[in-house]
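The numbering used here numbers the first residue of the sequence shown as 1 and each following residue consecutively.
These are computed hints drawn from the structure, not numbers from a lab.
Quick caveat: nothing in here was measured; it's all calculated off a predicted structure.
Be careful, since some hints might not be right.
[Stated by the list, open to error] Pairs of lysine-lysine, DSS-like flavour, derived with a Cα cap of 27 Å: (1) LYS173 / LYS351; (2) LYS90 / LYS245; (3) LYS259 / LYS245; (4) LYS164 / LYS90; (5) LYS230 / LYS259; (6) LYS245 / LYS230.
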Amino acid sequence: MSDVILPGATLGILGSGQLGRMFTIAARRLGYRVRVLSPDTDTPTGQVADEEIRAAYGDLDAVAEFARSVSVVTFEFENVPAATTDIASKYAPVRPAGSVLHTTQNRLREKNFLRDNGIPVPSFAAVRSAAELDAAIDSIGLPAVLKTASWGYDGKGQVILRQKSEAAEAWAKLNTDEAILEAFVDFEREVSVVAVRSCDGEFAYYGPIDNDHHNHILDVSFVPAGVSDKTHQQAIEIARTVVDKLELVGVLCVEMFLKHDGSLLVNELAPRPHNSGHLTIDAYATCQFEQQVRAVCCLPLGSTQLLSSAAMANLLGDLWESGEPNWPAALRLPEVKLHLYGKADARPGRKMGHLTALAPTAEEAVAKVRQAREALLRR
Numbered sequence: 001m002s003d004v005i006l007p008g009a010t011l012g013i014l015g016s017g018q019l020g021r022m023f024t025i026a027a028r029r030l031g032y033r034v035r036v037l038s039p040d041t042d043t044p045t046g047q048v049a050d051e052e053i054r055a056a057y058g059d060l061d062a063v064a065e066f067a068r069s070v071s072v073v074t075f076e077f078e079n080v081p082a083a084t085t086d087i088a089s090k091y092a093p094v095r096p097a098g099s100v101l102h103t104t105q106n107r108l109r110e111k112n113f114l115r116d117n118g119i120p121v122p123s124f125a126a127v128r129s130a131a132e133l134d135a136a137i138d139s140i141g142l143p144a145v146l147k148t149a150s151w152g153y154d155g156k157g158q159v160i161l162r163q164k165s166e167a168a169e170a171w172a173k174l175n176t177d178e179a180i181l182e183a184f185v186d187f188e189r190e191v192s193v194v195a196v197r198s199c200d201g202e203f204a205y206y207g208p209i210d211n212d213h214h215n216h217i218l219d220v221s222f223v224p225a226g227v228s229d230k231t232h233q234q235a236i237e238i239a240r241t242v243v244d245k246l247e248l249v250g251v252l253c254v255e256m257f258l259k260h261d262g263s264l265l266v267n268e269l270a271p272r273p274h275n276s277g278h279l280t281i282d283a284y285a286t287c288q289f290e291q292q293v294r295a296v297c298c299l300p301l302g303s304t305q306l307l308s309s310a311a312m313a314n315l316l317g318d319l320w321e322s323g324e325p326n327w328p329a330a331l332r333l334p335e336v337k338l339h340l341y342g343k344a345d346a347r348p349g350r351k352m353g354h355l356t357a358l359a360p361t362a363e364e365a366v367a368k369v370r371q372a373r374e375a376l377l378r379r
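From just these sequences and the hints, can you work out the full model?
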């Protein structure tokens with residue numbers, strides 16, 4: 001294929017957090033060089049990249065110079081401004097394309113895209129004023145979740161409404177000019193599918209992955225998920241439809257609610273590797289980050305064979321509150337792998353790393369990874 005970017009080329013990544021770090025490690029293992037651009041220095045990605053360029057995403061001259069110096073541009077978070085990807089695309093392919101970002105970085109555009117393509121989603125309505133919120137409540141009912149249309153993640157920018165009398169305060173609290181009201185979903189569990197699509201439309205996937213959250217932040221993920229074969233197949237079909245309709249080139253996570261009746265509703269899309277897919281590094285033949293490299297370079301995709309049941313537990317900054325975690329205690333469990341992101345400032349709720357445990361069953365893996373995380377608190 002003429003679009004193939006061969007090892008030895010330089011790949012560019014916008015964003016410098018842990019997802020970029022793991023992408024860079026995978027890229028360098030395959031023989032690529034990596035340049036990263038972000039407003040920060042000594043970042044998780046910059047620590048392992050060939051070159052770290054400090055510039056604001058709105059500095060379009062710097063972005064243009066960056067794009068001219070690489071063979072392809074990708075990103076590790078979806079809130080890259082449209083102007084940034086537009087200017088970058090004049091000098092290098094941007095994968096996934098800016099059109100994918102445009103759809104997924106706004107909840108209203110995302111939900112409309114999903115509904116228009118026949119993909120099941122919770123009932124929703126656009127909200128741009130307190131009066132529209134009252135009308136949306138009358139239409140959708142309560143309880144419901146009011147979310148900002150843009151810039152929300154890990155539970156930020158959203159409020160659960162249980163009574164109509166809470167509406168005015170909730171609207172004022174969000175302090176936004178555009179929001180979405182979604183019907184509250186009484187779900188059995190949350191699952192995700194990390195999907196990959198290459199330049200020529202080749203498709204690969206991981207999952208479904210079973211996800212447990214705490215305080216709106218992913219806490220533990222595990223595979224295989226505890227779902228029926230029918231649900232498994234439906235989740236994969238949904239993910240395939242999403243990436244094909246978006247004409248995605250890269251990695252995208254589809255987060256879904258499994259309802260008590262066995263049906264699935266799509267909650268959110270993330271057009272990049274995902275927290276729930278971190279266990280792919282240790283549990284699959286090819287991890288999500290290597291797949292991102294392969295996809296954006298137009299190489300054949302790797303095998304997604306599951307090698308072992310596994311569980312991943314996030315390590316948040318809260319673990320550092322009483323001092324350095326007890327790493328030797330966790331690593332005395334030989335089936336446990338430690339991944340730290342190189343972040344110096346451990347703040348409560350901040351993702352500092354993760355643990356992955358391998359075991360004969362998912363239940364054993366979950367127990368093992370929780371045991372390892374608890375061991376970190378032994379001083």
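Checking one constraint from the list: CA of LYS173 to CA of LYS351, max 27 Å. Satisfied?
25 Å, holds
Is LYS230 close enough to LYS259, meaning Cα to Cα at most 27 Å?
With Cα atoms ~13 Å apart, LYS230 and LYS259 stay inside 27 Å; holds.
Given pair status - LYS245, LYS259, alpha carbons within 27 Å:
The hint holds at about 25 Å.
Quick one, are LYS245 and LYS230 close enough, alpha carbons at most 27 Å?
Satisfied, since the Cα-Cα distance of roughly 23 Å is no more than 27 Å.
Given the hint that LYS164 pairs with LYS90, does the C-alpha gap stay at or below 27 Å?
49 Å, violated
Given pair status - LYS245, LYS90, alpha carbons within 27 Å:
Roughly 24 Å between the alpha carbons, so the hint for LYS90 and LYS245 holds.
Hint 4 alone, counting from the list given before, is not met by this structure.
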